[in-house]
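K.L.:
Model the full structure from these sequences, guided by the hints.
Below are the chains, spelled out letter by letter.
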Amino acid sequence: MELEDLALVTRARAGDGEAFRALVVRYQRKVYAVALGIVKDPDLAWDVAQDAFVRVYTHLGEFKGESAFSTWVFRIATHLGIDAVRRERTRSKQDVDEADELAIAEGGEGILATALGTNPQETALRRELRDKMTEALAQIPEKHRTILVLREVEGLSYEELAERLGINKGTVMSRLFHARKKMQALLRRYAGIAGEAAGSGTGTGTGEP
Amino acid sequence: MTGRLAKAAVLTAAVLSALPAEAAPGVPVRVRVIRGSRQGPPALDPQLQDLQAQLGHTAYLRWEQVGEHRADMDFNKPLDVPLPSGDRLQILILESRKETVTFEVRVPAQKTQSKLTISKDKRIVHQVTPEKDGSAYFVTIRPWP
Amino acid sequence: MKDCTTYAPMLGAREGELAAGERTGLAGHLEACAACRARLADERALEGLLGEALLRAAARRDFGDFADGVMARVGATQPSGLRALLAFFRQHRVIAAASALAPTLAALALIVYFQTRGTTSGPLAGDFEVTSEEHSPMVLDTSDGPLILLGDSDEPEGT
Chain A
1 MELEDLALVT RARAGDGEAF RALVVRYQRK VYAVALGIVK DPDLAWDVAQ
51 DAFVRVYTHL GEFKGESAFS TWVFRIATHL GIDAVRRERT RSKQDVDEAD
101 ELAIAEGGEG ILATALGTNP QETALRRELR DKMTEALAQI PEKHRTILVL
151 REVEGLSYEE LAERLGINKG TVMSRLFHAR KKMQALLRRY AGIAGEAAGS
201 GTGTGTGEP
Chain B
1 MTGRLAKAAV LTAAVLSALP AEAAPGVPVR VRVIRGSRQG PPALDPQLQD
51 LQAQLGHTAY LRWEQVGEHR ADMDFNKPLD VPLPSGDRLQ ILILESRKET
101 VTFEVRVPAQ KTQSKLTISK DKRIVHQVTP EKDGSAYFVT IRPWP
Chain C
1 MKDCTTYAPM LGAREGELAA GERTGLAGHL EACAACRARL ADERALEGLL
51 GEALLRAAAR RDFGDFADGV MARVGATQPS GLRALLAFFR QHRVIAAASA
101 LAPTLAALAL IVYFQTRGTT SGPLAGDFEV TSEEHSPMVL DTSDGPLILL
151 GDSDEPEGT
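Residue numbers (this note's numbering), protein chains in the order written: chain A, 1 to 209; chain B, 1 to 145; chain C, 1 to 159.
Hints listed in this document are in silico derivations from the structure and should not be mistaken for laboratory results. You may find that some hints are simply not true.
[Stated by the list, open to error] In the DMTMM-like style, the derived pairs of lysine to aspartate or glutamate whose C-alpha atoms are separated by at most 20 angstroms in a straight line are:
(1) A/K132 <-> C/E47
(2) B/K115 <-> A/E4
(3) B/K98 <-> B/E64
[As the list claims (entries may be wrong)] Restraint-style ranges between C-beta atoms, simulated for each label pair:
(4) B/P41 <-> A/L6: 44 to 54 angstroms
(5) B/Q65 <-> C/A20: 39 to 49 angstroms
(6) C/D65 <-> A/T10: 24 to 34 angstroms
(7) B/F75 <-> A/D131: 28 to 38 angstroms
(8) A/L6 <-> B/D74: 26 to 36 angstroms
(9) B/Q49 <-> C/A20: 45 to 55 angstroms
(10) A/L6 <-> B/R30: 30 to 40 angstroms
(11) A/E159 <-> B/T100: 17 to 27 angstroms
(12) C/A20 <-> B/E99: 25 to 35 angstroms
(13) C/A34 <-> B/P145: 30 to 40 angstroms
Virtual Cβ for every residue (Gly too), placed ideally from N, Cα, C.
P.N.:
What follows is the structure in structure tokens.
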């Protein structure tokens, strides 16, 4: 895929609009998926995704081919998505970190695994949780949403995440851990699984920088 | 004690292994046999709603589903799909990666063979009979339906 | 357990992401810590679910005019159907477009591959290789996936 992308980029740089359009069509949904995870709102995600491609087109001349074209588009989409969230937050003057108020009880480890079973095939519960996933994602803070989305949709490694977000590996792991913990607490609640104690204190405070 | 250590060993191995989750015993695939025709008023079988965009690129205006197969496919083990025309075709999975699946579609009656790599969220629409009396058969192939 | 603070964040690591010392430490910790074994099980159970959910949300949405929107914003002139065809013909040797496809070829946002010597060729040929002794296959790469058409027959069709 990468080599073909490069061929299309070369043609696009030479002014071939159809080649650039082919690149857009190839990656539009995945870029949208990343944007959606970060900004939550589908229409905003659509705009962010389009903005990312527009920006790519404008800077085509600078693309050296050192990283994959797709990495480049995702990188731009990530930054635009984060910017968009922060703009919204300033505008609405809301504290977006609702999940900090959520009671994240300790305990409940392993409950989801037991309920889902070890069989990777689709169970009704797995489908139900998947459908609740974007809703749950929308409730956790932006920095946790972003790192989870980059890990799971774009598939970035710890090293790539560190580079993309400008943090060190330890922080990557810690932030992912907290993000997952919050998601799991929300999913347990959706699944109606015992283990949540509303109103109790937040977790152990494993101190993330 | 032995049991607990054995369990921990399995989990440790799982952490250290390269494969994401258990290696899938089979890739779930949904195959539908559909017929497109030029004759008659334009109509799309409600079951084929999800294919509207792809089918819209053809000149056929009427579409109906005539068959469906679901299977968990192992690598290189062909799925045999009979067609109403009496022909049969074979579908195989050559490769399944994190993001993509590679299918091979063999249509012996048309001396045609396709190797198609698609990302997991997409589907293949493949004509499998030439047009006759204004209609033709297609198959759609979707991994992880 | 204080060790959980160190090791629990490592549970999501993939192959090659942990240093040897981290791997050994984690393995040792897992032997002793039921809570972390359970956390690991939860992560395995939920693996891929978020990616699936977001990609499904993207799949459900109609992207028909997304690329048009991008191209309009970058100010690229949209070639009309006929001009797009002519531009394409200059780049590829085309034998014949089946009449069934003529209205289709004017559609934008598709890359079409034509047969040369019995196999499709074109910039994305690695992903779509269609070989036919009897037909001139064409592949249209749509947003939802490839559409393969048999195209012309070499032999006259029976009636």
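K.L.:
The hint says 28 to 38 angstroms between B/F75 and A/D131; measuring C-beta to C-beta, is that right?
P.N.:
30 angstroms, holds
K.L.:
Take a look at whether the Cβ-Cβ distance between C/D65 and A/T10 falls inside 24 to 34 angstroms.
P.N.:
27 angstroms, holds
K.L.:
Quick check on a hinted range of 17 to 27 angstroms for A/E159 and B/T100, using CB atoms only.
P.N.:
At 23 angstroms between Cβs, range holds.
K.L.:
How does the Cβ-Cβ distance of B/Q49 and C/A20 compare with 45 to 55 angstroms: does it lie in that range?
P.N.:
This hint holds: roughly 53 angstroms between Cβ atoms.
K.L.:
Between the alpha carbons of A/K132 and C/E47, is the straight-line distance 20 angstroms or under?
P.N.:
15 angstroms, holds
K.L.:
Compare the distance between the alpha carbons of B/K98 and B/E64 with 20 angstroms, and conclude whether the hinted pair is satisfied.
P.N.:
33 angstroms, violated
K.L.:
Please test the hint of 25 to 35 angstroms on the beta carbon pair from C/A20 and B/E99.
P.N.:
Since the Cβ atoms of C/A20 and B/E99 sit about 29 angstroms apart, the hinted range of 25 to 35 angstroms holds.
K.L.:
Are the Cα positions of B/K115 and A/E4 separated by 20 angstroms at most?
P.N.:
Cα-Cα ~17 angstroms, so holds.
K.L.:
Taking 30 to 40 angstroms as the stated bounds, is the beta-carbon spacing between A/L6 and B/R30 within them?
P.N.:
34 angstroms, holds
K.L.:
Lying within 26 to 36 angstroms: is that true of the beta-carbon distance A/L6 to B/D74?
P.N.:
About 34 angstroms separates the Cβ atoms of A/L6 and B/D74, which means 26 to 36 angstroms holds.
K.L.:
Evaluate the given range 30 to 40 angstroms for the C-beta pair formed by C/A34 and B/P145.
P.N.:
Roughly 37 angstroms apart at Cβ, these two residues keep to the hinted range, so it holds.
K.L.:
Take a look at whether the Cβ-Cβ distance between B/P41 and A/L6 falls inside 44 to 54 angstroms.
P.N.:
47 angstroms, holds
In terms of the numbered hints stated before, the structure departs from hints 3, 5, listed from lowest to highest.
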